[in-house]
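Chains as they are written, first to last, in our numbering: chain W, 1 to 452; chain D, 1 to 452; chain E, 1 to 452.
You may find that some hints are simply not true.
Claimed, not checked - Stretches of chain W that chain E covers, calculated by requiring three or more beta carbons in the stretch to come under 8 Å of a beta carbon on chain E:
#1 80-92
#2 151-160
#3 186-193
#4 266-275
#5 286-295
#6 359-365
#7 380-389
In short, the hints are calculated from the structure, not lab data. Just so we're clear, the structure is a prediction, and the values are computed from it rather than from any experiment. Virtual Cβ for every residue (Gly too), placed ideally from N, Cα, C.
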Amino acid sequence: MSSQKLACIILAAGKGTRMKSALPKVLHKVAGRSMVGHVLAAARSLSPDDIVVVVGPGMEAVSAAVSPARTVLQPDQLGTGHAAKAARTPLADFSGDILILYGDTPLITAETLRGLVETRRSAGAALAVLGMRPEVPGAYGRLLVTDGRLDRIVEAADATPEQRAVGLCNGGIMAVDGALLFGLLDRLTASNAKGEYYLTDIVALANADGRVCIAVEGSAEEVIGVNSRAELAEVERLLQGRLRRAAMAEGVTLIDPESVWFSADTKIERDVVVGPHVWFGPGVSIGEGTEIFSFCHFEGVAIGKGARVGPFARMRPGARIGDGAHIGNFVEVKNANVEAGAKANHLTYIGDARVGAGANIGAGTITVNYDGFGKYRTDIGAGAFIGSNSSLVAPVSIGDNANVGAGSVVTEDVPADALAIARGRQRTMPDRARTWRLRKAAEKAAKAAGGT
Amino acid sequence: MSSQKLACIILAAGKGTRMKSALPKVLHKVAGRSMVGHVLAAARSLSPDDIVVVVGPGMEAVSAAVSPARTVLQPDQLGTGHAAKAARTPLADFSGDILILYGDTPLITAETLRGLVETRRSAGAALAVLGMRPEVPGAYGRLLVTDGRLDRIVEAADATPEQRAVGLCNGGIMAVDGALLFGLLDRLTASNAKGEYYLTDIVALANADGRVCIAVEGSAEEVIGVNSRAELAEVERLLQGRLRRAAMAEGVTLIDPESVWFSADTKIERDVVVGPHVWFGPGVSIGEGTEIFSFCHFEGVAIGKGARVGPFARMRPGARIGDGAHIGNFVEVKNANVEAGAKANHLTYIGDARVGAGANIGAGTITVNYDGFGKYRTDIGAGAFIGSNSSLVAPVSIGDNANVGAGSVVTEDVPADALAIARGRQRTMPDRARTWRLRKAAEKAAKAAGGT
Amino acid sequence: MSSQKLACIILAAGKGTRMKSALPKVLHKVAGRSMVGHVLAAARSLSPDDIVVVVGPGMEAVSAAVSPARTVLQPDQLGTGHAAKAARTPLADFSGDILILYGDTPLITAETLRGLVETRRSAGAALAVLGMRPEVPGAYGRLLVTDGRLDRIVEAADATPEQRAVGLCNGGIMAVDGALLFGLLDRLTASNAKGEYYLTDIVALANADGRVCIAVEGSAEEVIGVNSRAELAEVERLLQGRLRRAAMAEGVTLIDPESVWFSADTKIERDVVVGPHVWFGPGVSIGEGTEIFSFCHFEGVAIGKGARVGPFARMRPGARIGDGAHIGNFVEVKNANVEAGAKANHLTYIGDARVGAGANIGAGTITVNYDGFGKYRTDIGAGAFIGSNSSLVAPVSIGDNANVGAGSVVTEDVPADALAIARGRQRTMPDRARTWRLRKAAEKAAKAAGGT
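Chain W extracted, bound-state conformation:
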């Protein structure tokens, strides 16, 4: 970007009634991030000098979510032009370009925004509107361009048949010369069917002043706005498609791409193989050559190289899985460091723990990390062997190369190289199963006969 200053206004005050939600529309998530979060991320890639988010009444949650970006209240919903005007006070001291964005278009990319801003600057235009050619132009406003100049934007409802035949439609996003924006907004009127102030009308006003406006054509997909849960699902689908294609292009095998769900920040190295039906929540990284089997659920976990995880593994925030480690089926790891080459292959819960390099955690092992009041840590040394169905009652440590017998409830520390056993002794009572069975069968028969 040139050295000229840039501010972004993100319009996010829409109620989103069709979402039928208690949550403000722009906070609904796509690929693990709120819609307005995606727009903010794209805006921030341009390193703007200021960002102002326009919110409606009762949207404190939006203000919290977009922080440190500032928010300004639009008390009444009187149209996009009215919403943009709400940013006048916070931008009173700003001088430079202003980019107007929408909080419900999460597919917009930084590249498109950069192109729009730069094209306006190099053209010396009063404003540049992002245009697009949707497959069905339908109800979109049409961009009327003559000799490279955007004369005005006409709503589909007001368009003549010739104007409706124009394929170039209004994508909504605009880059405007900041010295002109608020003056133009002041001159908007609400003399239309809906009685709203339309941002689009500043194009005609600027033209009336003899200023040059331009249209910059972009992709229709990027400006899709979300107004219902079905549209949210569609935008999610499109974004997942981008993320899947990007992963495959980098050398990741997705056996069934359509069934793998990514977050916007998922990082996967080459030669990782991901089976069908895997969920990558926020904050996940996977090292080269690791195999992820089907039915895994990840959030906030860093997995090393050459590891094997799943099927049916759940990695929760704070988990770290070392190079070459194995995490098997029905295993949960939370806030725990499973070091290189360690194995936890079956039916295990590892929480608030370290599992040392090369340690083996038997099937059914539980780190007992919670007593109803606090969380406590379990420390398992390198090369330790924890017998199946053991309970490790934290805080507790198992030394390097120590063994714990199967079925033990370990409440005291076990030194390195020691063996701990904590379980009952076996009593075997001959014939007792048979006599018990006969008695139960007789009882059952008596009950059936008695008719209870």
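With chain W held as given, fit chains D and E onto it using these hints.
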């Protein structure tokens, strides 16, 4: 519906040879309900005075499934006209309209049936045939309509090129004046290539009598018939699409709609978020604002508001999950009431039990509800804390705010506020893991050297 | 096939740079089998007398994978003609037909190959090229056919507009008279833009000799080559479609076909119902009438008739599940024989074991099969009842109809009809949970006040 009487005949005697199944075709399920069950549900929405299901030999399972609707046997499969005639005896005393349906068209809706019946009545026609315009008319019979009157239905094989060019096809379903139906059926002949009695031929017969027949156009999707497993899967896909769109329209977020499977009776309130890969079997309801994470499997469970369930949770019939309760990964709940705010987050089986409000069930807890003869109940009081890896041997009760130590096998009741511990005491043997390891390694080396 | 001899050359030396993988391209898997493995399987269906796989430097893993087929090294990658020539030495003593295949086209079928070879023979042609008509011919070489004779193959880049309009494209695979092949290959030149020896040029050379060449049209899908992970996923999708349709045609219900993943060798009998989201790895067979619920992961397991498996079941290699057995949620079975009618319904690991007919394995049971050095077997007799949360420390045997009490750690054999209990005794301490709670709350409050 008007006060005129209505009977439904559902033709369900088809063998369905291409299904390659021991199960009668109409009992194969779509969205958790048999195909004939869907047709019955649509028929029952019209509150008919009688329903007769025509079945073939050996289809006692169909009779059982459709009860209390009556069934009548069609001993030989001699065509749709012959099948409809089988309903004459059970409907001998019936006077009113007759609606003829097919047991293998599960996508038919009550709205369409109601429209067909009402249009016939208001038109005063002898019969009304449901028409449709499939994308590829191909082998469907064509409806030949002149001046609003349906003259006859011509089989595709017998049609002239002009007739084949007709897009309006026979959807099969008919509403017929009951005073005429069986008289018309008696006059059918089997003088065609297949030697069958075609129900469609009553149109020409009625016309020959000077009576008015009409066609009522409906959706091609609703009359899709199922003759193979591939068609069953296609009908399932279409019905799931309906159910998913309906859920989203009501304010439910489906992150990946295509991977969420509903039953016809699933009830979900607004602001529920459903992750990818979730199965809703029959009898499920989910309260407002509850989060359902990926990889959950539900049947017969009522989940309250603001709860968190999954990933990897299995809720079985008779489970009730209270408001704000948490059910975590690898947890199964069956015939149990988990009250408000209770938590069972990891690797647990809760069966035939109550878990009181706010109780905490540790990882690996099992309610031991079965002894090979009977099932017994576990009662866990409000605020109780069950240590990890515990076994609660039912019948047993844990009082309010009682604690059970980790790894305990509880066989006796625990009073309120008491602590129960039932496990072995820890013995720690210094250096024993090391010496054992050395011995095992030596044995292994000796074995390898010995060549066994 | 006629009695004439046949050799196959499979070209597999391509580097596959766009895969971004440390693994040779042809070893990437589709439907659980390497790509070159699929090509080999198709080739082997023709019972050829010899197969030679041409590999590049450093592809020892390919040689190992295709064994016992022989491999020959193509030291430099100088084009397909150069690659085919590398097979001259291993085929020096061979006399008969030669079929030239590609290791990265896993969708090719035996039927197509057989048709190509037989058509060449019956036509007495020097060679036959497999042609195809892709939807977008684009960059494919065009087959120029006049009066039934294939004159030459022209690269798209070198084609005239008229030639580009030809829809019949080069599918790559060729059947060649072995007496001519290497002589033709010797005359290839690398006088083209890429400086490579093109196999396709032997068509023009043979024509120049007055010999007849022909094109045999096949399906475009079968010759899709894989050069990127995205293409790998696409080929996987197409092959899965074939496998799913074949299963449904045989009488298997796939509730959601798109979410069920098969291996090329999966065997499923009729009236099996497979829920959504199921993974069939290599070596799986499922008997008639068995129900497979959602979220199952199978490899190397034989499941009998009328069994019920899942949801959330993982069957690993060496598992055998008998007729009518039940395997429930969060259950793993590995190298174990679960006999007819046995049940393991919840949270269990059965490894290196036998579970006798009709035995019942309680929730949370673990066979403790590994001590860090060796694997040991657990033998559970018919009709035995294993209490929940038990650990069976192998080697150990539980006799027929014996019982094990819940929560036991069994280290010694249990005779038939005996009862074994191996757990701690319960101590219940009145009021101790309450006083403990008060103390913890006071500590917490003190800590909060102290500010640490």
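Here is what the structure says about each hint:
no. : hint    : verdict
1   : 80-92   : violated (count 0)
2   : 151-160 : violated (count 0)
3   : 186-193 : violated (count 0)
4   : 266-275 : holds (count 3)
5   : 286-295 : holds (count 4)
6   : 359-365 : holds (count 4)
7   : 380-389 : holds (count 4)
Violation of the numbered hints given earlier is confined to hints 1, 2 and 3; the remaining hints are satisfied by the structure.
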